[in-house]
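Protein chains: 4
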Amino acid sequence: ELPFVLFGGMNVLESRDLAMTMAEQYVKVTEKLGIPYVFKASFDKANRSSINSFRGPGLDEGLKIFEEIKSTFNVPIITDVHEPYQAAPTAEVVDVIQLPAFLSRQTDLVMAMAKTQAVINIKKAQFLAPEEMRHILTKFEEAGNDKLILCERGSCFGYNNLVVDMLGFSIMKQTEYPVIFDVTHALQKPGGRADSADGRRSQTVDLALAGMAQGIGGLFLESHPDPDNAKCDGPCALPLDKLEPFLEQIKQLDELRKSFGNIEI
Amino acid sequence: ELPFVLFGGMNVLESRDLAMTMAEQYVKVTEKLGIPYVFKASFDKANRSSINSFRGPGLDEGLKIFEEIKSTFNVPIITDVHEPYQAAPTAEVVDVIQLPAFLSRQTDLVMAMAKTQAVINIKKAQFLAPEEMRHILTKFEEAGNDKLILCERGSCFGYNNLVVDMLGFSIMKQTEYPVIFDVTHALQKPGGRADSADGRRSQTVDLALAGMAQGIGGLFLESHPDPDNAKCDGPCALPLDKLEPFLEQIKQLDELRKSFGNIEI
Amino acid sequence: ELPFVLFGGMNVLESRDLAMTMAEQYVKVTEKLGIPYVFKASFDKANRSSINSFRGPGLDEGLKIFEEIKSTFNVPIITDVHEPYQAAPTAEVVDVIQLPAFLSRQTDLVMAMAKTQAVINIKKAQFLAPEEMRHILTKFEEAGNDKLILCERGSCFGYNNLVVDMLGFSIMKQTEYPVIFDVTHALQKPGGRADSADGRRSQTVDLALAGMAQGIGGLFLESHPDPDNAKCDGPCALPLDKLEPFLEQIKQLDELRKSFGNIEI
Amino acid sequence: ELPFVLFGGMNVLESRDLAMTMAEQYVKVTEKLGIPYVFKASFDKANRSSINSFRGPGLDEGLKIFEEIKSTFNVPIITDVHEPYQAAPTAEVVDVIQLPAFLSRQTDLVMAMAKTQAVINIKKAQFLAPEEMRHILTKFEEAGNDKLILCERGSCFGYNNLVVDMLGFSIMKQTEYPVIFDVTHALQKPGGRADSADGRRSQTVDLALAGMAQGIGGLFLESHPDPDNAKCDGPCALPLDKLEPFLEQIKQLDELRKSFGNIEI
Numbered sequence: 645e646l647p648f649v650l651f652g653g654m655n656v657l658e659s660r661d662l663a664m665t666m667a668e669q670y671v672k673v674t675e676k677l678g679i680p681y682v683f684k685a686s687f688d689k690a691n692r693s694s695i696n697s698f699r700g701p702g703l704d705e706g707l708k709i710f711e712e713i714k715s716t717f718n719v720p721i722i723t724d725v726h727e728p729y730q731a732a733p734t735a736e737v738v739d740v741i742q743l744p745a746f747l748s749r750q751t752d753l754v755m756a757m758a759k760t761q762a763v764i765n766i767k768k769a770q771f772l773a774p775e776e777m778r779h780i781l782t783k784f785e786e787a788g789n790d791k792l793i794l795c796e797r798g799s800c801f802g803y804n805n806l807v808v809d810m811l812g813f814s815i816m817k818q819t820e821y822p823v824i825f826d827v828t829h830a831l832q833k834p835g836g837r838a839d840s841a842d843g844r845r846s847q848t849v850d851l852a853l854a855g856m857a858q859g860i861g862g863l864f865l866e867s868h869p870d871p872d873n874a875k876c877d878g879p880c881a882l883p884l885d886k887l888e889p890f891l892e893q894i895k896q897l898d899e900l901r902k903s904f905g906n907i908e909i
Numbered sequence: 645e646l647p648f649v650l651f652g653g654m655n656v657l658e659s660r661d662l663a664m665t666m667a668e669q670y671v672k673v674t675e676k677l678g679i680p681y682v683f684k685a686s687f688d689k690a691n692r693s694s695i696n697s698f699r700g701p702g703l704d705e706g707l708k709i710f711e712e713i714k715s716t717f718n719v720p721i722i723t724d725v726h727e728p729y730q731a732a733p734t735a736e737v738v739d740v741i742q743l744p745a746f747l748s749r750q751t752d753l754v755m756a757m758a759k760t761q762a763v764i765n766i767k768k769a770q771f772l773a774p775e776e777m778r779h780i781l782t783k784f785e786e787a788g789n790d791k792l793i794l795c796e797r798g799s800c801f802g803y804n805n806l807v808v809d810m811l812g813f814s815i816m817k818q819t820e821y822p823v824i825f826d827v828t829h830a831l832q833k834p835g836g837r838a839d840s841a842d843g844r845r846s847q848t849v850d851l852a853l854a855g856m857a858q859g860i861g862g863l864f865l866e867s868h869p870d871p872d873n874a875k876c877d878g879p880c881a882l883p884l885d886k887l888e889p890f891l892e893q894i895k896q897l898d899e900l901r902k903s904f905g906n907i908e909i
Numbered sequence: 645e646l647p648f649v650l651f652g653g654m655n656v657l658e659s660r661d662l663a664m665t666m667a668e669q670y671v672k673v674t675e676k677l678g679i680p681y682v683f684k685a686s687f688d689k690a691n692r693s694s695i696n697s698f699r700g701p702g703l704d705e706g707l708k709i710f711e712e713i714k715s716t717f718n719v720p721i722i723t724d725v726h727e728p729y730q731a732a733p734t735a736e737v738v739d740v741i742q743l744p745a746f747l748s749r750q751t752d753l754v755m756a757m758a759k760t761q762a763v764i765n766i767k768k769a770q771f772l773a774p775e776e777m778r779h780i781l782t783k784f785e786e787a788g789n790d791k792l793i794l795c796e797r798g799s800c801f802g803y804n805n806l807v808v809d810m811l812g813f814s815i816m817k818q819t820e821y822p823v824i825f826d827v828t829h830a831l832q833k834p835g836g837r838a839d840s841a842d843g844r845r846s847q848t849v850d851l852a853l854a855g856m857a858q859g860i861g862g863l864f865l866e867s868h869p870d871p872d873n874a875k876c877d878g879p880c881a882l883p884l885d886k887l888e889p890f891l892e893q894i895k896q897l898d899e900l901r902k903s904f905g906n907i908e909i
Numbered sequence: 645e646l647p648f649v650l651f652g653g654m655n656v657l658e659s660r661d662l663a664m665t666m667a668e669q670y671v672k673v674t675e676k677l678g679i680p681y682v683f684k685a686s687f688d689k690a691n692r693s694s695i696n697s698f699r700g701p702g703l704d705e706g707l708k709i710f711e712e713i714k715s716t717f718n719v720p721i722i723t724d725v726h727e728p729y730q731a732a733p734t735a736e737v738v739d740v741i742q743l744p745a746f747l748s749r750q751t752d753l754v755m756a757m758a759k760t761q762a763v764i765n766i767k768k769a770q771f772l773a774p775e776e777m778r779h780i781l782t783k784f785e786e787a788g789n790d791k792l793i794l795c796e797r798g799s800c801f802g803y804n805n806l807v808v809d810m811l812g813f814s815i816m817k818q819t820e821y822p823v824i825f826d827v828t829h830a831l832q833k834p835g836g837r838a839d840s841a842d843g844r845r846s847q848t849v850d851l852a853l854a855g856m857a858q859g860i861g862g863l864f865l866e867s868h869p870d871p872d873n874a875k876c877d878g879p880c881a882l883p884l885d886k887l888e889p890f891l892e893q894i895k896q897l898d899e900l901r902k903s904f905g906n907i908e909i
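Chains as they are written, first to last, in this note's numbering: chain V, 645 to 909; chain R, 645 to 909; chain X, 645 to 909; chain Z, 645 to 909.
One thing to keep in mind: the hints can contain errors.
A pair holds if it fits inside one copy or across any two, identical chains being indistinguishable in the list.
As a list, the in silico EDC-like pairs of lysine to aspartate or glutamate whose alpha-carbon atoms are at most 16 Å apart [as the list claims (entries may be wrong)]:
1) K759 / E775
2) K902 / D790
3) K833 / E775
4) K875 / E908
5) K714 / D739
These are computed hints drawn from the structure, not numbers from a lab.
From just these sequences and the hints, can you work out the full model?
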């Protein structure tokens, strides 16, 4: 088993300058620790709770920032698309395009994304069982793209809460596609604040370690230099100055887990 | 309180002829029983489990069928849209456009739908608490449209199951917008069959009566002359020949419930 | 189908005087409305959140109060038992003995209760599916008692919340035992207050009507003259002065529902 | 932080001979690996799904077996009690007495157990939030016993399923009592077989590693030399011949986790 890949960055492209600062910090820490790294940010938050919430710079401006990050830091990029027309231009710049959880059943978006031949990160919707991911994989395969990643991010647990079913990882790993863990969004408390989701960032380490103990292909993480003032999902963001100690622990646990032989039960 | 409105029809426009046959039957039964009626069908099932599932005739052909139903039977029409570009042309033909549950947080779709000034039916996503519907209502209001309907269709309950929280109706009624109940989709068992959702149509009457006992604005119902051979969601569809006895009971219960005075507790 | 039976009373026997007052009021209202009636109260609350919570008068004193109520008002009595030794003496006085939800899997308690030959009310545990009630019924049957009632009181829905799955009633009705609905405890919000459960008594009417729309054998209800000062479960208790208008609506809905023919789907 | 303690053994005392065989094997493996060890078995399964299910040898015979195991292998013992009268005699022989999950709210049982001054293992009920365990701890403290352990074993997740919320461990650790993880029972699928719970023993390693990644005080584990023919909960039991390789991995992960500094977020 390969060491884990970090899909790490920021929730939304708050500004070109902040994106550059954060990419620099991520690159510095992951190079130091020897962790394969993909920069993540969104150019548009298309499903905020409020119409007045910050959405980001949009596709054109976002792609420019991604190009600058790529050329400056020489890192692959992941971002999410929300409409079929966004898939092709996005895939010209970024390396991995992401199917959002709420949209994971939208056939037209799947088709448009598949056609780009980019690597696809499929967020598991909060309303789907791990076994149901098979249907989405098949859609992509039938549309001619099998460069697929499955991404856990928690399941609905009553109202305004998510729970991560650790047993879902091994079920999804049976598909033989890489499975990664979006620990940040799994920490959300949907509808937990007046106008947006709340989160449990103080529990990031614990939840991430549980996920890494499953022997998975990657970790998806959002951080922010000042989470309390982040423009989106601050309550789930890891403070940027904790990135290095956090990843040190993650890497050690990943290495230990992948050193274990399989116990057939 | 006004008598309930029936938003009734078929899941997907399987053919022009079947749509006409079903509209005729719905009109006949609802006229006989004195139930205000809106014809429902989808021109595209954009989120089927499989890429090979039947999706419907598409927007252009679908709107032609809706026009023929309108002119033949003189009934209002409701259908769902999935992409922002579909909102305006659809609203030129149909009377109520529906925001799908999985898409209920997509701001661009909300904006495009709001702008049409059509009546909007907002399906409550399986992952949202009733209190969270307030955010979606506010989005529409801020976009200049307050002709809004809220539609319950069940909440995630573990994997592959939905439950209808009857306490959610009164919470949503506090918004002072009409609340309706999609009994058909609440009967789904998501991921319950190899390639699609299973359903519990044998329990349609019980669940619908529970919903009508909440004193609500309408019932949303899909039926089919031959549910076992329906092209989508047959396991949830009411057999068309049960429509009249079903609605007789529904109407009586609605009338009784709305004759009750409010008991302030 | 027979008209519904009311299993109504108070949570815990706060005092002999209050019990007499409440029994008198229940008898008066149910006689006026022609509703078969069973008086309910607990002599011991054996599973309060806090050791300091009021538990009630205990078995001996409780049975004396029940005897006085029986002889004064000539009504059958239901109460719950928590330990095997309580079953026999309790069944000498009361008519229906109740198996608490948390204890519904305790075989020794089941056996002791079965042996009394009293009618048994089995509370469905919050952690059991409706189909699992079959196991508990079989235990009682094998222990020689088939005078059994199944009682719905809500299912765990995430943390600190319960939901009533209306589809469970018809599943339990297939056992051919009477199914009743404990609307009061289904209104609990477990752990919702610092030292005890919270509740949603303002929604009693809505939830009870949904349950009665299922065509069931009875309603289980707790009320209190001053719910805010009740010694247990006040947040779920119906104010006693609402009993008559509440039962008027319940009775009408029950009658309408049972006038409906079966629609075979 | 101390290394984890293994509370390991068998579900029910199927026979004196099997208990001795298993204790011997557990002792051998844990001594080899340097893992502090407590032998676990039940003398009575008081809440089986069926009246005909095997229940065990009972209190008197069970205590004799425990005494023999103690004197032969010099290990502490843990077992569960179900009725107040069992607490005192059990505590004379065993070292840790366990409050069953379904009974965790029964005040009389709590009081009887507290009075023994034995160490108490409190199973967290499937219907309780982690924060609610505070109430049960307080009951024991007020009854004069603060030698308490909290034990996670999964939460209700829809019907017939359990999920372990990894975020609950750190919430319970805030009580400053040791928190342990019953991985075996967390693998149950309640009601999953015709007459008993089903289980997911093939996922034991994954779930146990996730739990150990939380930095906890102990692991609770049941195994069996022939799980398919175990008399209770075989579908969740670890095959006894996997015990050593399983514990090797668990121990390494526990050591790594406890070598990590705290990252304050």
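Each hint, compared with the structure:
1. In this assembly of identical chains, K759 and E775 lie within 16 Å of each other by CA distance neither inside one copy nor across copies; the values are 25 Å within and 39 Å between.
2. Taking the shortest alpha-carbon separations for K902 and D790, neither the intra-copy value of 25 Å nor the inter-copy value of 40 Å comes in at or below 16 Å.
3. With identical chains, the CA atoms of K833 and E775 are at most 16 Å apart between copies only, with a shortest distance of 14 Å across copies and 24 Å within one.
4. In this homomeric assembly, K875 and E908 never come within 16 Å of each other (Cα to Cα): the closest approach is 46 Å inside a single copy and 22 Å across copies.
5. Proximity of K714 to D739 under the C-alpha cut-off of 16 Å is restricted to the intra-copy arrangement: shortest distance 10 Å within a copy versus 48 Å between copies.
In summary, the structure is inconsistent with hints 1, 2, 4 from the numbered list given earlier, while agreeing with the others.
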